[in-house]
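Novice: Letter by letter, the chains look like this.
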Amino acid sequence: MDLAMKLFKRPHGGRSRGASERACAAIEDRELVTRLLARDPAAFTGLVRAQHDSLVRLALVFVGNRATAEEVAQDTWTRMLAALAQFEGRSSVRTWIFRICTNAALTRAERESRSAPFSSLQDPDGPEVEPQRFDDSGEWADPPHAWRAETPEKILERAEALACIERTLDELPPAQRAVVLLRDVEGLDAEEACSILQVSESNQRVLLHRGRSKIRRALEKLLGEGRFPC
Amino acid sequence: MLTCQEVTRLITDYLEGKLSWKDVLRFQLHLGMCTHCRRYLRDMKVTMRTLGMLPRGPIAAETMDALMERFRDW
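Chain order of the listed sequences is A and B.
By our numbering, the letter at position 230 of the first sequence is numbered 990, and the numbering carries on one by one without gaps.
By our numbering, the letter at position 7 of the second sequence is numbered 29, and the numbering carries on one by one without gaps.
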């Protein structure tokens, strides 16, 4: 690879999908919808098993408690079946289901008069990295430490790391939490997350940045070797 | 020249491909010279991948049964 190629290669680790991958996914989606419309129970159970927990997680951002989130997730499946014949494939099935779930959760939250969390970007917030870790010229004074676990697999083997991630996610302001869930946990792309949450691309990016940075920070605090007390 | 603090602020814009080519160059030039920021970027990517691998809870059997009933009645 020559230097220019190296410099301009896609910085992201290849998480967003390319056109051909999208096309494959669209074909799989069409098959899935066809099977569902033919009332194939295996297609339905497969989809529910794969996505139900994600729906509960997403609903939980908007509604107060797990029991209600569970109801919203179940309601999502009913709504999905009711609307299936009108599914046009303009988005992926997953994106569509997440959108149904978000709308159901927001309706529910409104009914229970919890304030809607997407009114603004004014989440209470700290910086990505504690400012005192930089010197006056903006260089690291207290640089990032090596982690005791260096890969996702090794991190997730540690119960305390998993608990730390879950706790930090739960404590994120709702808009940040929803974006991190859709982008990093579920692996959707920016466009999909924006269409589900009805936020602009730039707002989505700010929310993602803040949420993601906090999770990194919590992991560093827990796993970093050296000066950080847990 | 970007500072380390600026790198931590711009990292998502960089990963999302939203920096201008000039800023991408500045960002990568900084990374080339700063092991700490390379570490920071690496940790951020590990964080993202870890989030993508969070275990999913299984669906409760009675929930699945209830949903199957709805499916049959649909």
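Honestly, I wouldn't trust all of these hints.
As the list claims (entries may be wrong) - Once the Cα atoms are required to be at most 30 Å apart in a straight line, the calculated BS3-like pairs of lysine-lysine come out as: (1) Lys67/B - Lys981/A; (2) Lys67/B - Lys40/B; (3) Lys981/A - Lys40/B.
As the list claims (entries may be wrong) - The calculated label-pair distances, taken between Cβ atoms and stated as ranges, are: (4) Arg92/B - Lys981/A: 41 to 47 Å; (5) Glu926/A - Arg61/B: 33 to 39 Å; (6) Leu51/B - Asn863/A: 17 to 23 Å.
Said to hold, decoys possible - Covered stretches of chain A (in silico footprint by chain B; criterion: 3 or more residues with CB under 8 Å from a CB of chain B, positions within the stretch not fixed): (7) 783-795; (8) 800-807; (9) 855-869; (10) 890-900; (11) 908-918; (12) 971-985.
Hints listed in this document are in silico derivations from the structure and should not be mistaken for laboratory results.
Please read these numbers as outputs of a predicted model, since none were measured by experiment.
The beta-carbon is built from N, C-alpha and C at its ideal position, and this holds for glycine as well.
Novice: Would you mind marking each hint as holding or not holding in the structure?
Specialist: Going down the list of hints, with the structure as the test:
{"no.": "1", "hint": "Lys67/B - Lys981/A", "result": "holds, 16 Å"}
{"no.": "2", "hint": "Lys67/B - Lys40/B", "result": "holds, 17 Å"}
{"no.": "3", "hint": "Lys981/A - Lys40/B", "result": "holds, 29 Å"}
{"no.": "4", "hint": "Arg92/B - Lys981/A: 41 to 47 Å", "result": "holds, 44 Å"}
{"no.": "5", "hint": "Glu926/A - Arg61/B: 33 to 39 Å", "result": "violated, 25 Å"}
{"no.": "6", "hint": "Leu51/B - Asn863/A: 17 to 23 Å", "result": "violated, 45 Å"}
{"no.": "7", "hint": "783-795", "result": "violated (count 0)"}
{"no.": "8", "hint": "800-807", "result": "holds (count 3)"}
{"no.": "9", "hint": "855-869", "result": "violated (count 0)"}
{"no.": "10", "hint": "890-900", "result": "holds (count 6)"}
{"no.": "11", "hint": "908-918", "result": "holds (count 6)"}
{"no.": "12", "hint": "971-985", "result": "holds (count 6)"}
Hint compliance for this structure: hints 5, 6, 7 and 9 are broken, all remaining hints hold.
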